[in-house]
Amino acid sequence: MLRDNAADDLRRGRFTLARRQLEQVLAAEPTDALAQVHYGDLHRLQSQRAATPEERETEIRQARFRYTRALALDPALAQAHRQLGLLYYQQQSFARARAELEEYLKQAPTAPDAARISEYVRELAR
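Quick note on numbering: the sequence shown equals residues 1 to 126 in the numbering used here.
Don't take every hint at face value.
In silico SDA-like cross-links for lysine to any residue, where the CA-CA straight-line distance does not exceed 20 Å [to be verified]:
{"hint": "1", "residue 1": "Lys106", "residue 2": "Leu124"}
{"hint": "2", "residue 1": "Lys106", "residue 2": "Glu123"}
{"hint": "3", "residue 1": "Lys106", "residue 2": "Ala125"}
{"hint": "4", "residue 1": "Lys106", "residue 2": "Ala76"}
{"hint": "5", "residue 1": "Lys106", "residue 2": "Phe94"}
{"hint": "6", "residue 1": "Lys106", "residue 2": "Arg116"}
{"hint": "7", "residue 1": "Lys106", "residue 2": "Arg122"}
{"hint": "8", "residue 1": "Lys106", "residue 2": "Ala95"}
{"hint": "9", "residue 1": "Lys106", "residue 2": "Leu17"}
{"hint": "10", "residue 1": "Lys106", "residue 2": "Leu34"}
{"hint": "11", "residue 1": "Lys106", "residue 2": "Leu77"}
{"hint": "12", "residue 1": "Lys106", "residue 2": "Ala78"}
{"hint": "13", "residue 1": "Lys106", "residue 2": "Ala72"}
{"hint": "14", "residue 1": "Lys106", "residue 2": "Gln79"}
{"hint": "15", "residue 1": "Lys106", "residue 2": "Leu86"}
{"hint": "16", "residue 1": "Lys106", "residue 2": "Glu119"}
{"hint": "17", "residue 1": "Lys106", "residue 2": "Asp74"}
{"hint": "18", "residue 1": "Lys106", "residue 2": "Pro75"}
{"hint": "19", "residue 1": "Lys106", "residue 2": "Ile117"}
{"hint": "20", "residue 1": "Lys106", "residue 2": "Tyr89"}
Computed beta-carbon distance windows for the label pairs [to be verified]:
{"hint": "21", "residue 1": "Arg126", "residue 2": "Thr31", "range": "30 to 40 Å"}
{"hint": "22", "residue 1": "Ala27", "residue 2": "Arg126", "range": "43 to 53 Å"}
{"hint": "23", "residue 1": "Gln24", "residue 2": "Ser118", "range": "16 to 26 Å"}
{"hint": "24", "residue 1": "Leu17", "residue 2": "Arg122", "range": "17 to 27 Å"}
{"hint": "25", "residue 1": "Asn5", "residue 2": "Pro30", "range": "13 to 23 Å"}
{"hint": "26", "residue 1": "Arg20", "residue 2": "Thr110", "range": "30 to 40 Å"}
{"hint": "27", "residue 1": "Phe15", "residue 2": "Ala125", "range": "30 to 40 Å"}
{"hint": "28", "residue 1": "Gln48", "residue 2": "Ala72", "range": "33 to 43 Å"}
{"hint": "29", "residue 1": "Phe94", "residue 2": "Arg56", "range": "13 to 23 Å"}
{"hint": "30", "residue 1": "Arg20", "residue 2": "Glu123", "range": "34 to 44 Å"}
No lab work stands behind these hints: they were computed from the structure.
Only a predicted model underlies this, so the values are computations on that prediction, with no experimental measurement involved.
Ideal Cβ positions, reconstructed from N, Cα and C, are used throughout, including at glycine.
Build the full structure now, drawing on both the sequences and the hints.
As structure tokens, then:
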């Protein structure tokens, strides 16, 4: 429940509240892979609002760490593959992006965004 509230707060731009909730979730359940994904999303979104290039890079590193941690906890967590793939795409690390997005499609072939992600994969295959 608290994890879902944090995800909702992220969507609404309430980063401080989301961070507090995610910290509570992970303190109680450090192996919660989906909470790690949400924490990665928090860092990714904060990187887009960073005041300096250094701050942006720090947030991106933290996002990558959280997504990777989520996959270490649950390698079949499709959302973690998607988010990590999109982060790599944003960073122009195209081979890594393609691998993660292909894994996402393998894990969640009927996802609502499968067609759009497939387009990214086709573009990356060129």
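Hints versus structure:
With a C-alpha separation of about 16 Å, the suggested pair Lys106 and Leu124 falls inside the 20 Å cut-off, and the hint holds. Using a Cα cut-off of 20 Å, the hinted pair Lys106 and Glu123 holds, with the two alpha carbons roughly 17 Å apart. Between Lys106 and Ala125, the direct Cα distance comes to roughly 16 Å. Compliance with the 20 Å bound is thereby established for this hinted pair. About 10 Å separates the Cα atoms of Lys106 and Ala76, which keeps this hinted pair within 20 Å; it holds.
About 18 Å separates the Cα atoms of Lys106 and Phe94, which keeps this hinted pair within 20 Å; it holds. A C-alpha spacing of about 14 Å is found between Lys106 and Arg116, which places the hinted pair at or below 20 Å, so the restraint holds. With a C-alpha separation of about 14 Å, the suggested pair Lys106 and Arg122 falls inside the 20 Å cut-off, and the hint holds. This hinted pair checks out: Lys106 and Ala95 have alpha carbons roughly 17 Å apart, not beyond 20 Å.
For the hint pairing Lys106 with Leu17, the CA-to-CA distance comes to about 34 Å; that exceeds 20 Å, so the pair is violated. In summary, the hint linking Lys106 to Leu34 is supported, as the alpha carbons are separated by about 18 Å, within the 20 Å threshold. For the hint pairing Lys106 with Leu77, the CA-to-CA distance comes to about 11 Å; that is within 20 Å, so the pair holds. With a C-alpha separation of about 8 Å, the suggested pair Lys106 and Ala78 falls inside the 20 Å cut-off, and the hint holds.
At roughly 18 Å between alpha-carbon atoms, Lys106 and Ala72 fall within 20 Å of each other, so this suggested pair holds. Under the criterion of a C-alpha separation no larger than 20 Å, the hint pairing Lys106 with Gln79 is consistent with the structure, at around 12 Å. Of the pairs offered as hints, the one joining Lys106 and Leu86 holds, with about 16 Å between alpha carbons and a cut-off of 20 Å not exceeded. Pair hint Lys106 plus Glu119 holds up; C-alpha atoms about 14 Å apart against a cutoff of 20 Å.
For the proposed pair Lys106 and Asp74, the alpha carbon gap of about 15 Å is at most 20 Å, so the pair holds. Proposed proximity of Lys106 and Pro75 is supported: the alpha carbons are some 12 Å apart, at most 20 Å. In summary, the hint linking Lys106 to Ile117 is supported, as the alpha carbons are separated by about 11 Å, within the 20 Å threshold. Of the pairs offered as hints, the one joining Lys106 and Tyr89 holds, with about 18 Å between alpha carbons and a cut-off of 20 Å not exceeded.
Here the CB-CB span from Arg126 to Thr31 is close to 39 Å, well matched to the stated 30 to 40 Å. At about 45 Å, the beta-carbon gap between Ala27 and Arg126 stays in the expected band of 43 to 53 Å. A C-beta distance of roughly 37 Å is found between Gln24 and Ser118, which places it outside the suggested range of 16 to 26 Å. The given range of 17 to 27 Å is broken by Leu17 and Arg122, whose C-beta atoms sit roughly 38 Å from each other.
For Asn5 and Pro30, the Cβ-Cβ distance of about 19 Å falls inside the hinted range of 13 to 23 Å, so the restraint holds. Separation of Arg20 from Thr110 is about 34 Å and conforms to the stated range, judged on CB atoms against 30 to 40 Å. As the Cβ distance of Phe15 to Ala125 is approximately 35 Å, the hint placing it in 30 to 40 Å holds. For the hinted restraint 33 to 43 Å between Gln48 and Ala72, the CB-CB distance of approximately 25 Å leaves it violated.
In this structure the supplied range 13 to 23 Å holds for Phe94 paired with Arg56, their Cβ-Cβ distance being about 20 Å. A hinted range of 34 to 44 Å for the beta carbons of Arg20 and Glu123 is consistent with their spacing of about 38 Å.
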